[in-house]
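Colleague: The hints should help you fit chain B onto chain A, whose structure is shown.
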Amino acid sequence: NAGVTQTPKFRVLKTGQSMTLLCAQDMNHEYMYWYRQDPGMGLRLIHYSVGEGTTAKGEVPDGYNVSRLKKQNFLLGLESAAPSQTSVYFCASTHGRTPGSYEQYFGPGTRLTVT
Amino acid sequence: QQQVKQSPQSLIVQKGGISIINCAYENTAFDYFPWYQQFPGKGPALLIAIRPDVSEKKEGRFTISFNKSAKQFSLHIMDSQPGDSATYFCAASIASGTYKYIFGTGTRLKVLA
Numbered sequence: 002n003a004g005v006t007q008t009p010k011f012r013v014l015k016t017g018q019s020m021t022l023l024c025a026q027d028m029n030h031e032y033m034y035w036y037r038q039d040p041g042m043g044l045r046l047i048h049y050s051v052g053e054g055t056t057a058k059g060e061v062p063d064g065y066n067v068s069r070l071k072k073q074n075f076l077l078g079l080e081s082a083a084p085s086q087t088s089v090y091f092c093a094s095t096h097g098r099t100p101g102s103y104e105q106y107f108g109p110g111t112r113l114t115v116t
Numbered sequence: 013q014q015q016v017k018q019s020p021q022s023l024i025v026q027k028g029g030i031s032i033i034n035c036a037y038e039n040t041a042f043d044y045f046p047w048y049q050q051f052p053g054k055g056p057a058l059l060i061a062i063r064p065d066v067s068e069k070k071e072g073r074f075t076i077s078f079n080k081s082a083k084q085f086s087l088h089i090m091d092s093q094p095g096d097s098a099t100y101f102c103a104a105s106i107a108s109g110t111y112k113y114i115f116g117t118g119t120r121l122k123v124l125a
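Just so you know, the sequences run in chain order A and B.
Sequential numbering from 2 applies to the first sequence in this note's numbering.
Sequential numbering from 13 applies to the second sequence in this note's numbering.
Take these hints with a grain of salt, some might be off.
[Claimed, not checked] Heads up, simulated BS3-like pairs for lysine-lysine below, C-alpha to C-alpha not over 30 Å straight-line: (1) K72(A) with K17(B); (2) K54(B) with K71(A); (3) K58(A) with K54(B); (4) K58(A) with K71(A); (5) K112(B) with K10(A); (6) K27(B) with K69(B); (7) K54(B) with K72(A); (8) K15(A) with K54(B); (9) K58(A) with K17(B); (10) K58(A) with K112(B); (11) K71(A) with K112(B); (12) K54(B) with K10(A); (13) K10(A) with K122(B); (14) K58(A) with K83(B).
No wet-lab data here; the hints were simulated from the structure.
Note that the coordinates shown come from a computational prediction; the quantities given were computed from them, not determined experimentally.
Same shape as in the complex, but just chain A (with noise of 0.2 Å):
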């Protein structure tokens, strides 16, 4: 098992540019999550699906767009980066759907500079 992996692993990006990170997971999990790590601030939610088909708003949404089109795969999207998404993404899953099991298993993270 690879666990979670992201596609890329580094980007630079300049203002205005687009693009779209890239996470899979092979534990057949339902619920998938997008972070942003700044510095000082922890990890904070972007974006959530809560299975194949669905996604929902976290606590900083803005700028970003996501998709969830196979149950394996989580997309973010950044259509006109800004020097403020400068940061690491890291995506995450977890079973979701089994009763007791509420770990979220992280990838390696994107690490992204838009300037």
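Modeller: Structure of chain B alone, referenced to chain A:
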């Protein structure tokens, strides 16, 4: 009400010492409290977690103490080792529905050899 406050921001401990990190929450609906460990360049990984029906949980050198009435919980690392040097995040969640986590702001621990 959705915040989780974590302290200290950074911590330096001698090898063999005890590291203590504290967290406090407001939302009494939270019923799952995990601690995550993150090494530089890696994603966070679950270290230990507790439900509010117990006041303490121990796994090896790591212990969570939970005070439901004070709405506080803490991580104790006994016999701290240089390999424990990492950033630690507490979180709180409701163990149903969306399973969303609210994370604390993190504590950077450095254990001196």
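Colleague: All the hints need checking, so say for each whether the structure fits it.
Modeller: Hints, verified against the model:
1. K72(A) with K17(B): violated, 33 Å
2. K54(B) with K71(A): holds, 26 Å
3. K58(A) with K54(B): Cα-Cα ~25 Å, so holds.
4. K58(A) with K71(A): Since the Cα atoms of K58(A) and K71(A) sit roughly 18 Å apart, the hinted pair holds (cutoff 30 Å).
5. K112(B) with K10(A): Measuring from Cα to Cα gives roughly 24 Å; hence the hint holds.
6. K27(B) with K69(B): holds, 23 Å
7. K54(B) with K72(A): This hinted pair holds, its Cα atoms lying about 24 Å apart.
8. K15(A) with K54(B): holds, 25 Å
9. K58(A) with K17(B): holds, 22 Å
10. K58(A) with K112(B): holds, 11 Å
11. K71(A) with K112(B): holds, 21 Å
12. K54(B) with K10(A): holds, 11 Å
13. K10(A) with K122(B): Cα-Cα ~26 Å, so holds.
14. K58(A) with K83(B): holds, 27 Å
Hint 1 from the list above is the single one not met by this structure.
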